[in-house]
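Numbering (my numbering), first residue to last: 1 to 329.
Misleading hints may appear alongside valid ones.
With a Cα cut of at most 27 Å, we get these calculated DSS-like pairs of lysine-lysine [stated by the list, open to error]:
(1) LYS152 to LYS219
(2) LYS199 to LYS215
(3) LYS256 to LYS152
(4) LYS196 to LYS256
(5) LYS196 to LYS272
(6) LYS195 to LYS215
Here are the in silico distance ranges between beta carbons for each label pair [what the hints assert, rightly or not]:
(7) THR320 to GLY72: 50 to 58 Å
(8) GLN153 to GLY253: 42 to 50 Å
(9) GLN153 to CYS98: 19 to 27 Å
Derived by calculation from the structure, the hints in this document are not laboratory data. Since the structure is predicted, the reported quantities are computational estimates derived from the model, not experimental observations. Idealized CB from N, CA, C, for every residue including glycine.
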Amino acid sequence: MSENPRVLSGIQPTGIPHLGNYLGAIRNWVAEQDRHDNFFCVVDQHAITVPYAPDELRQNVRSLVGLLVASGLDPARCALFVQSHVAEHTELAWLLTCNTPMGWLSRMTQFKDKSQGQQESVGAGLFTYPALMAADILLYDTATVPVGDDQKQHVELTRDIATSFNHRFGDVFTIPEPVIREVGARVMGLDDPTKKMSKSTDGQFHAIGMLDTAKVIQKKFNRAVTDSQTEIVFDETRPGVTNLLTIHQALSGQTKEQLESHFSGKGYGDLKKELGALVVENLAPIQQRYNELTEDPQTLDQILAAGAARAQAVAGQTMTRVREAMGLR
1 MSENPRVLSG IQPTGIPHLG NYLGAIRNWV AEQDRHDNFF CVVDQHAITV PYAPDELRQN
61 VRSLVGLLVA SGLDPARCAL FVQSHVAEHT ELAWLLTCNT PMGWLSRMTQ FKDKSQGQQE
121 SVGAGLFTYP ALMAADILLY DTATVPVGDD QKQHVELTRD IATSFNHRFG DVFTIPEPVI
181 REVGARVMGL DDPTKKMSKS TDGQFHAIGM LDTAKVIQKK FNRAVTDSQT EIVFDETRPG
241 VTNLLTIHQA LSGQTKEQLE SHFSGKGYGD LKKELGALVV ENLAPIQQRY NELTEDPQTL
301 DQILAAGAAR AQAVAGQTMT RVREAMGLR
């Protein structure tokens with residue numbers, strides 16, 4: 001077991017990360033990479049539970065790793081690796097699947113949402129997805145898992161799986177704790193602030209991509225949905241303006257009271273213009289560093305090889321315990 005608390009964070013390579021990914025996860029990872037023994041996993045095997053293009057997946061993985069490093073993740077201070085580069089993930093996922101009741105998996109809301117109306121045709125991997133996520137977490141004796149509130153259910157299932165496994169086979173796994181960020185943890189779509197910002201949602205004005213130009217960013221904010229009222233305040237019954245203020249709060253660090261006072265007497269145009277400039281200011285240095293990294297493919301190759309080796313060293317120890325406990329060695 002790890003002597004220091006270990007934190008595992010995962011992100012799917014399903015496209016260029018957006019502002020919600022940055023504020024809800026990536027920026028927090030960068031800020032906390034010295035506080036724990038951090039493992040950051042690009043979960044490409046989760047991405048293949050739905051139809052995909054191999055060449056696009058391969059490129060998405062490299063683009064994502066480049067953006068993570070450009071955002072401030074230091075491969076010398078953390079383990080940054082790709083899920084499929086560590087074979088123990090799929091081995092443990094199968095062993096956990098064999099010890100997880102179907103009833104537990106069938107209660108997962110993400111499967112219900114993604115398979116709606118097509119349960120006869122979707123791949124079985126979408127149904128067993130939570131077992132793979134549990135394997136990702138449990139392989140590394142993970143103490144804490146930073147998640148969005150939509151993923152908390154999966155971490156709770158991981159806890160149930162680990163507890164059940166330990167009860168049956170002995171004290172093998174660390175029981176992880178989910179941690180949800182309050183500010184910026186749930187950035188909503190600009191075109192529909194009732195839905196979480198997502199890479200998979202259609203609509204050119206839905207999300208702010210981390211590689212969007214300044215002109216595109218401002219255009220998207222200008223088109224962001226608000227309402228017919230004039231007061232700029234945090235109000236759960238007004239999701240559009242609340243979403244814009246939440247993004248501002250996450251980037252500026254101002255309190256709700258400070259922001260409401262700042263925008264008192266101003267209009268939505270003022271808010272959108274200021275917010276666009278604030279986002280551009282935060283993303284510009286990341287984009288510059290990303291361009292430098294992607295010009296040298298060998299640098300990314302070296303980062304990924306080193307990260308996989310570090311992850312495999314820990315995962316291999318875990319699997320030795322698991323196989324012995326299950327009678328497989």
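With a cut-off of 27 Å on the C-alpha distance, tell me whether LYS196 and LYS272 pass. Between LYS196 and LYS272 the Cα gap is close to 19 Å, so the pair holds against 27 Å.
### Message
Can you tell me whether the CB distance of GLN153 to GLY253 sits inside 42 to 50 Å?
### Response
Once the Cβ atoms are compared, 30 Å apart, the range 42 to 50 Å for GLY253 and GLN153 is violated.
For the pair supplied as a hint, LYS199 and LYS215, is the alpha-carbon distance within the 27 Å limit?
Distance ~20 Å between LYS199 and LYS215 Cα, so the pair holds.
- prompt: Lying within 19 to 27 Å: is that true of the beta-carbon distance GLN153 to CYS98?
  reply: Because 21 Å falls inside the window, the suggested range holds.
Exercise for the section: Compare the distance between the alpha carbons of LYS256 and LYS152 with 27 Å, and conclude whether the hinted pair is satisfied. Expected result: Between LYS256 and LYS152 the Cα gap is close to 26 Å, so the pair holds against 27 Å.
(message) Does LYS215 sit within 27 Å of LYS195, going by the straight-line distance between their CA atoms?
(response) holds (24 Å)
Hint consistency between LYS152 and LYS219 [alpha-carbon to alpha-carbon, up to 27 Å]
violated (33 Å)
- Query: Straight-line Cα separation of LYS196 and LYS256 no greater than 27 Å?
  - Reply: holds (21 Å)
Confirm or reject the claim that THR320 and GLY72 have a C-beta distance inside 50 to 58 Å.
-> Roughly 34 Å apart at Cβ, these two residues miss the hinted range, so it is violated.
In this structure, the earlier hints numbered 1, 7 and 8 are contradicted, and the remaining ones agree with it.
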